[in-house]
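The hints should help you fit chain B onto chain A, whose structure is shown.
As a plain string of letters, each chain reads:
Protein chains: 2
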Amino acid sequence: MRQFLDARRVGHLATADATGAPHVVPVCYAIAGATLYVSIDEKPKRASARPLKRLANIRQNPAVAVTIDRYDEDWRRLGWVMLRGTADILADGDEHDRAQALLRARYPQYAAMRIEALPVIALRIGKATSWGDLTPG
Amino acid sequence: MRQFLDARRVGHLATADATGAPHVVPVCYAIAGATLYVSIDEKPKRASARPLKRLANIRQNPAVAVTIDRYDEDWRRLGWVMLRGTADILADGDEHDRAQALLRARYPQYAAMRIEALPVIALRIGKATSWGDLTPG
Numbered sequence: 001m002r003q004f005l006d007a008r009r010v011g012h013l014a015t016a017d018a019t020g021a022p023h024v025v026p027v028c029y030a031i032a033g034a035t036l037y038v039s040i041d042e043k044p045k046r047a048s049a050r051p052l053k054r055l056a057n058i059r060q061n062p063a064v065a066v067t068i069d070r071y072d073e074d075w076r077r078l079g080w081v082m083l084r085g086t087a088d089i090l091a092d093g094d095e096h097d098r099a100q101a102l103l104r105a106r107y108p109q110y111a112a113m114r115i116e117a118l119p120v121i122a123l124r125i126g127k128a129t130s131w132g133d134l135t136p137g
Numbered sequence: 001m002r003q004f005l006d007a008r009r010v011g012h013l014a015t016a017d018a019t020g021a022p023h024v025v026p027v028c029y030a031i032a033g034a035t036l037y038v039s040i041d042e043k044p045k046r047a048s049a050r051p052l053k054r055l056a057n058i059r060q061n062p063a064v065a066v067t068i069d070r071y072d073e074d075w076r077r078l079g080w081v082m083l084r085g086t087a088d089i090l091a092d093g094d095e096h097d098r099a100q101a102l103l104r105a106r107y108p109q110y111a112a113m114r115i116e117a118l119p120v121i122a123l124r125i126g127k128a129t130s131w132g133d134l135t136p137g
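Here the protein sequences line up with chains A and B, keeping their order.
Take 1 as the starting number for the first sequence in our numbering and just add one per residue.
Take 1 as the starting number for the second sequence in our numbering and just add one per residue.
These aren't lab readings, by the way, just hints derived from the structure by calculation.
Yeah, the Cβ is synthetic: ideal placement off N, Cα and C, and Gly gets one too.
Treat the hints with caution; some may be incorrect.
Stated by the list, open to error - In silico PhoX-like cross-links for lysine-lysine, where the CA-CA straight-line distance does not exceed 25 angstroms:
(1) B/Lys53 to A/Lys127
(2) A/Lys127 to A/Lys53
(3) A/Lys53 to B/Lys127
(4) B/Lys53 to B/Lys127
What the hints assert, rightly or not - Covered stretches of chain A (chain B as the covering partner; in silico rule of three or more C-beta atoms under 8 angstroms from a C-beta of chain B):
(5) 3 to 12
(6) 23 to 32
(7) 54 to 64
(8) 78 to 87
Said to hold, decoys possible - Some chain A residues close to chain B (C-beta under 7 angstroms, calculated; not the full set):
(9) Ala16
(10) Gly20
(11) Thr67
(12) Asp69
(13) Tyr71
(14) Trp75
(15) Gln109
Chain A with its partners taken away, still in its complex shape (with noise of 0.2 angstroms):
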């Protein structure tokens, strides 16, 4: 599991609000230990915008899923890991700062953003189910 969970490149991350409303958006990850690591980078598009619905929700309810998962037209090769857990926001910090570390290693793109001083969605697994074929790449 964990060597598909390595090989992907991206996930969905499934949050709600207080009555239960989901959203789910792709986002870019890295994994240590028992923690998922999701970057935020985007900023809302005015300053005087509302946080990001992810955000708000994760504050409402800290209840989340992240589902990673491989498409192929050769449905043989299908094939998702889905971790559930709760969330913390973690806006600084030493381990605010490993995780953005261990995010730009994954993801050469964030060698051109300055995503210091944005926080990091840390999910502690609690369980984690999959379905299909999770045979790496």
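Relative to the frame of chain A, chain B by itself:
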């Protein structure tokens, strides 16, 4: 937005249970009018098994989100569309049969599968939001 949705092949369906705990899985989909249909092509592994979590969640809480996105290592090409609304589970009937015909037309893989008796999730789209590059292809 519609051209982007038609060009993509996989979406991610997020549901949440009565406590607001999210769940997200990759899904095949087809769109007609203001409804997005998601096929159920897996049976529980055993006849005695619990129903699929996505269906159990919708029965508890019909609010759902489906996101269709493009990942590309050239991040200028990233883009997503999120459709939110409430879901019906169609067990049979005219709309169920039309939805399965649309899904079969989009996915030739279904030709080898017996999906007629399986339910279809119908997302009544209430809100569509998007981000990034939505050029098809």
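Each hint, compared with the structure:
{"no.": "1", "hint": "B/Lys53 to A/Lys127", "verdict": "holds (14 angstroms)"}
{"no.": "2", "hint": "A/Lys127 to A/Lys53", "verdict": "holds (24 angstroms)"}
{"no.": "3", "hint": "A/Lys53 to B/Lys127", "verdict": "holds (14 angstroms)"}
{"no.": "4", "hint": "B/Lys53 to B/Lys127", "verdict": "holds (24 angstroms)"}
{"no.": "5", "hint": "3 to 12", "verdict": "holds (count 3)"}
{"no.": "6", "hint": "23 to 32", "verdict": "holds (count 4)"}
{"no.": "7", "hint": "54 to 64", "verdict": "holds (count 3)"}
{"no.": "8", "hint": "78 to 87", "verdict": "holds (count 4)"}
{"no.": "9", "hint": "Ala16", "verdict": "holds (4 angstroms)"}
{"no.": "10", "hint": "Gly20", "verdict": "holds (4 angstroms)"}
{"no.": "11", "hint": "Thr67", "verdict": "holds (5 angstroms)"}
{"no.": "12", "hint": "Asp69", "verdict": "holds (5 angstroms)"}
{"no.": "13", "hint": "Tyr71", "verdict": "holds (4 angstroms)"}
{"no.": "14", "hint": "Trp75", "verdict": "holds (5 angstroms)"}
{"no.": "15", "hint": "Gln109", "verdict": "holds (5 angstroms)"}
In the structure shown, no violation is registered for any of the earlier numbered hints.
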